[in-house]
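**Q** Sequence:
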Amino acid sequence: MAKIQTPQPVRGTQDIFGEDQERFQHVVETFERVRRLYGFKGVQMPVFEPTSVFARSLGETTDVVSKEMYSFEDRGGDSLTLRPEFTAGISRAFLTNGWQQHMPLKLSTHGPLFRYERPQKGRYRQFHQLDAEIIGAGEAAADVELLCFADQLLKELGIADGVTLQLNTLGDAESRDAWRDALVAHFQAHKAGLSKDSQDRLERNPLRILDSKERQDRPIADSAPDIDAYLSSEAKEFFAQVTEGLDACGVAWTRNSRLVRGLDYYRHTAFEFVTDRLGAQGTVLAGGRYDGLIESLGGPATPAVGWAAGIERLGMLLEEPRPEKPLITVIPDDPKDEKVALEIVSVLRRAGIVTDFAFRGNTKKRFTLATKRGSRGRLVVTADESGKGIPSRQGHKIRINEPDSFEQANSSLIDVVLEALKSGYNVVAHERAETGYAVDAVLQASNIE
RNA sequence: GCGAUCGUAGCUCAGUUGGUUAGAGCGCCGGUUUGUGGUACCGGAGGUCGGGGGUUCGAGACCCCUCGGUCGCCCCA
3 MAKIQTPQPV RGTQDIFGED QERFQHVVET FERVRRLYGF KGVQMPVFEP TSVFARSLGE
63 TTDVVSKEMY SFEDRGGDSL TLRPEFTAGI SRAFLTNGWQ QHMPLKLSTH GPLFRYERPQ
123 KGRYRQFHQL DAEIIGAGEA AADVELLCFA DQLLKELGIA DGVTLQLNTL GDAESRDAWR
183 DALVAHFQAH KAGLSKDSQD RLERNPLRIL DSKERQDRPI ADSAPDIDAY LSSEAKEFFA
243 QVTEGLDACG VAWTRNSRLV RGLDYYRHTA FEFVTDRLGA QGTVLAGGRY DGLIESLGGP
303 ATPAVGWAAG IERLGMLLEE PRPEKPLITV IPDDPKDEKV ALEIVSVLRR AGIVTDFAFR
363 GNTKKRFTLA TKRGSRGRLV VTADESGKGI PSRQGHKIRI NEPDSFEQAN SSLIDVVLEA
423 LKSGYNVVAH ERAETGYAVD AVLQASNIE
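My numbering puts the first sequence at residues 3 to 451.
If you're looking for bench data, these hints aren't it; they were derived computationally from the structure. Be aware that one or more of the hints could be misleading.
[Said to hold, decoys possible] Quick list of in silico lysine-lysine cross-link-like pairs, DSSO-like style, CA-CA up to 27 Å:
hint, residue 1, residue 2
1, K43, K69
2, K341, K366
3, K69, K238
4, K424, K327
5, K157, K43
6, K157, K198
7, K238, K198
8, K157, K69
9, K198, K215
[To be verified] Using C-beta positions, here's what the derived DEER-type ranges look like:
hint, residue 1, residue 2, range
10, E176, L97, 36 to 46 Å
11, Q122, R206, 15 to 25 Å
12, E176, E246, 17 to 27 Å
13, P11, A447, 14 to 24 Å
14, R362, G160, 54 to 64 Å
15, K43, G160, 21 to 31 Å
16, P121, E239, 41 to 51 Å
17, S348, A282, 45 to 55 Å
18, S348, E246, 31 to 41 Å
19, T365, S414, 41 to 51 Å
20, S414, Q102, 30 to 40 Å
All values derive from a computational prediction rather than experimental measurement. Ideal Cβ placement from N, Cα and C applies to all residues, glycine included.
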């Protein structure tokens, strides 16, 4: 028989399972909880959009657009792109749904994004982000609220230690353009001293030379003019309001005048929460103000701010998550007892008890499984010769034990389980078993049909 | 796209300068033991050594190509 080649996953994709899945889930659940505290509405977006949505808003010359997008033609001949980020799609939705009426609109979402990049740890071709945006608010208070949200999220995830908020302003459109011209002039004058990468950047993305890691670029980048000299008084005032607001909220920040954004649409506030624990993938949450974006998509001039955070990266920073364990495993003592056991399982689950049903193998195997899954207690269902048990069948009793507490039969777990069983049965009798670390009980159906 | 490094059982890895039937631990399956089943002991299954080509009497080890992982650059969350 010819052996067929097993399929490989697509490069840079991941199957998230076990502990990774628990980390992922914890990040998303914490995000969902905190965003409600701040009054952000959830929203779901399509995973693909017309290519022009991203091409126009991100800037044609950016790396993301020019070489990292998953773009394809559909059967109707339209060029579509798997979303490489959230902001452009949300802006498009804002326009096509007439969400102007809800301004200022606070939105949040999370889900998969796609970028054709070289995979590394914490960087995938299909990756996942949290996202928060405030659309239609030009006030610095919107920036402050968004940053407080981010700060609280990181704190509640327990990863704020070792993470610093770096803050900068790119000024309004005029400030930014004037600064950019000055930078280009400065770098042009020192072009010969720049690294090859940075010489390329001079054409495409001169702002990026500022945070170059190339040693030979540092003196030139460090001596480049700061934005401050080019800020209009309005832009200066705006940034001051943001920093004062952060101080009022108790959010720690540091000014990084070398912090810039890669995408064209950013104005004013730019920020990154950075950790030193993830190597080259140190940025854990980043964003800024993008007042020009919606206009560039053909809409009315609409101020907006937002951020995004990598779920995988946040998950990697989390403390060891405690695994999900069933509270109790129900074990029929004999195949004949399975139906009754299932009935009990249903009653427990409906009463809110996390219950596992051991359905494979002999009784010993079922106990082994209960141990392996880490359930705190076992509930064994056995036939009861006294005939006092669950009516309409021949009579059953249960035995509950908790292996971790051999000495204490009257543990809280046993009480909790007995209490839950009362929602479906009358517990007519229960007593400590002869072995000393278990409780036997007889159940009687409480509502007889 | 560039540079470095790695790829042996389901998992983590060992396999000495190329040399007979490729090993261990954990996990899995079966059995014995045990205080309700933790533990301990015995046995078993499972590998075309990422894939393809080459050098050689002989390759898991050497060479080339290719596909993946990891780290850095680029870019970015």
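**Q** Next step is simple, just say for each hint if it's right about the structure.
**A** Here is what the structure says about each hint:
Under the criterion of a C-alpha separation no larger than 27 Å, the hint pairing K43 with K69 is inconsistent with the structure, at around 33 Å. Only pairs whose Cα atoms come within 27 Å are accepted, and K341 paired with K366 is accepted, the gap being roughly 19 Å. Simply put, K69 and K238 have alpha-carbon atoms about 36 Å apart, too far for the 27 Å limit, and the pair is violated. A threshold of 27 Å between alpha carbons decides the hint, and for K424 with K327 the separation of about 23 Å falls inside it, so the pair holds.
Note on K157 and K43: the hinted pairing holds, with a Cα-Cα distance of about 21 Å set against a maximum of 27 Å. Restraint check: the Cα-Cα separation between K157 and K198 comes to about 40 Å, which exceeds 27 Å; the hinted pair is violated. With a C-alpha separation of about 34 Å, the suggested pairing of K238 with K198 is violated against the 27 Å cut-off. Distance hint between K157 and K69 is unfulfilled; the C-alpha atoms sit about 36 Å from each other, more than 27 Å.
A C-alpha spacing of about 12 Å is found between K198 and K215, which places the hinted pair at or below 27 Å, so the restraint holds. A hinted range of 36 to 46 Å is violated for the C-beta pair E176 and L97, which are about 25 Å apart. The beta-carbon spacing between Q122 and R206, approximately 23 Å, falls within the hinted interval of 15 to 25 Å. Take E176 and E246: their Cβ atoms lie about 23 Å apart, and the range 17 to 27 Å holds.
A hinted range of 14 to 24 Å is violated for the C-beta pair P11 and A447, which are about 50 Å apart. At roughly 37 Å, the beta-carbon separation of R362 and G160 lies outside the given 54 to 64 Å, and the hint is violated. Evaluation of the 21 to 31 Å hint for K43 and G160 yields a pass: the beta carbon distance comes to about 26 Å. Between P121 and E239 the CB atoms are about 44 Å apart, so this pair conforms to the stated range of 41 to 51 Å.
Evaluation of the 45 to 55 Å hint for S348 and A282 yields a pass: the beta carbon distance comes to about 51 Å. Hint check: S348 to E246, Cβ distance near 58 Å, so the stated range 31 to 41 Å is violated. Between T365 and S414 the beta carbons are some 26 Å apart, a value that contradicts the proposed interval 41 to 51 Å. At roughly 55 Å, the beta carbons of S414 and Q102 sit outside the given window of 30 to 40 Å.
Going through the hint list in order, the structure does not satisfy hints 1, 3, 6, 7, 8, 10, 13, 14, 18, 19 and 20.
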